[in-house]
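A.B. asks: Chains as they are written, first to last, in this note's numbering: chain A, 205 to 315; chain C, 789 to 905.
Simulated from the structure, these hints should not be mistaken for lab results. Be a bit skeptical, because a hint or two may be false.
[To be verified] Derived lysine-lysine pairs resembling DSS-like cross-links, with alpha carbons at most 30 Å apart:
id: 1; chain 1: A; residue 1: K273; chain 2: A; residue 2: K260
id: 2; chain 1: A; residue 1: K307; chain 2: C; residue 2: K803
id: 3; chain 1: A; residue 1: K230; chain 2: C; residue 2: K845
The structure displayed is predicted, hence computed values, not measured ones.
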Amino acid sequence: SQQGEEDPQALSIQEGENATMNCSYKTSINNLQWYRQNSGRGLVHLILIRSNEREKHSGRLRVTLDTSKKSSSLLITASRAADTASYFCATDNQAGTALIFGKGTTLSVSS
Amino acid sequence: GAGVSQSPSNKVTEKGKDVELRCDPISGHTALYWYRQSLGQGLEFLIYFQGNSAPDKSGLPSDRFSAERTGGSVSTLTIQRTQQEDSAVYLCASSLGGLVGTQETQYFGPGTRLLVL
Numbered sequence: 205s206q207q208g209e210e211d212p213q214a215l216s217i218q219e220g221e222n223a224t225m226n227c228s229y230k231t232s233i234n235n236l237q238w239y240r241q242n243s244g245r246g247l248v249h250l251i252l253i254r255s256n257e258r259e260k261h262s263g264r265l266r267v268t269l270d271t272s273k274k275s276s277s278l279l280i281t282a283s284r285a286a287d288t289a290s291y292f293c294a295t296d297n298q299a300g301t302a303l304i305f306g307k308g309t310t311l312s313v314s315s
Numbered sequence: 789g790a791g792v793s794q795s796p797s798n799k800v801t802e803k804g805k806d807v808e809l810r811c812d813p814i815s816g817h818t819a820l821y822w823y824r825q826s827l828g829q830g831l832e833f834l835i836y837f838q839g840n841s842a843p844d845k846s847g848l849p850s851d852r853f854s855a856e857r858t859g860g861s862v863s864t865l866t867i868q869r870t871q872q873e874d875s876a877v878y879l880c881a882s883s884l885g886g887l888v889g890t891q892e893t894q895y896f897g898p899g900t901r902l903l904v905l
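Modelling step: build the complete structure from the supplied sequences, incorporating the hints.
C.D. replies: Structure, rendered in structure tokens:
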């Protein structure tokens with residue numbers, strides 16, 4: 205069963221704009237991860253944020269985590285056409301042995 | 789190796805046939821995972837191997853699905869008597885395995901696209 209749900213399902217922006225994607229989950233977590241998937245390719249890990257962290261940065265990426273609201277957001281600043289991809293959040297399953305992914309947000313960045 | 793590799797990259801089979809999908813994890817990674825991604829969907833966990841421990845098979849959708857990992861490295865996912873609903877991309881991932889699986893970054897292979905006619 206799905207744990208994380210991304211919002212919006214699809215997002216279209218212009219190059220240079222910021223993109224914000226949200227993720228909500230249902231049960232308590234140890235950490236939350238964001239992955240990117242280019243069309244027809246495997247997933248690439250972007251960021252892991254632990255349950256005791258509130259914010260994390262990596263280059264143009266900023267991830268926040270609010271465990272009280274069971275939600276996370278991924279912000280991509282100054283987007284580029286190469287950022288066009290699907291973005292997934294993933295949280296632990298109850299056994300802590302694997303990730304549960306949402307359906308993803310499809311981001312389109314046009315130049 | 790440089791990354792997780794999977795073979796074949798594409799597989800077309802007829803309903804009722806058996807298929808085997810292969811995953812070569814990153815050298816030194818003791819944890820290995822299989823996921824399935826149906827069209828337009830997120831990833832669905834199938835099975836998790838960690839070292840010599842018994843695998844977590846809780847995600848396997850039916851007894852037609854099985855997986856093994858020989859020598860703690862290469863893994864094979866077998867689907868017996870394939871059905872059309874088995875059509876999906878099957879993704880393999882590995883991680884170092886030093887921590888409980890979800891505490892670590894998972895590195896994904898490119899996937900095997902399975903089409904059951």
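A.B. asks: Evaluate each hint against the coordinates.
C.D. replies: Comparing the hints with the structure gives:
no.	hint	in the structure
1	A:K273 x A:K260	17 Å, holds
2	A:K307 x C:K803	27 Å, holds
3	A:K230 x C:K845	22 Å, holds
Checked against the numbered hints given earlier, the structure satisfies every one of them.
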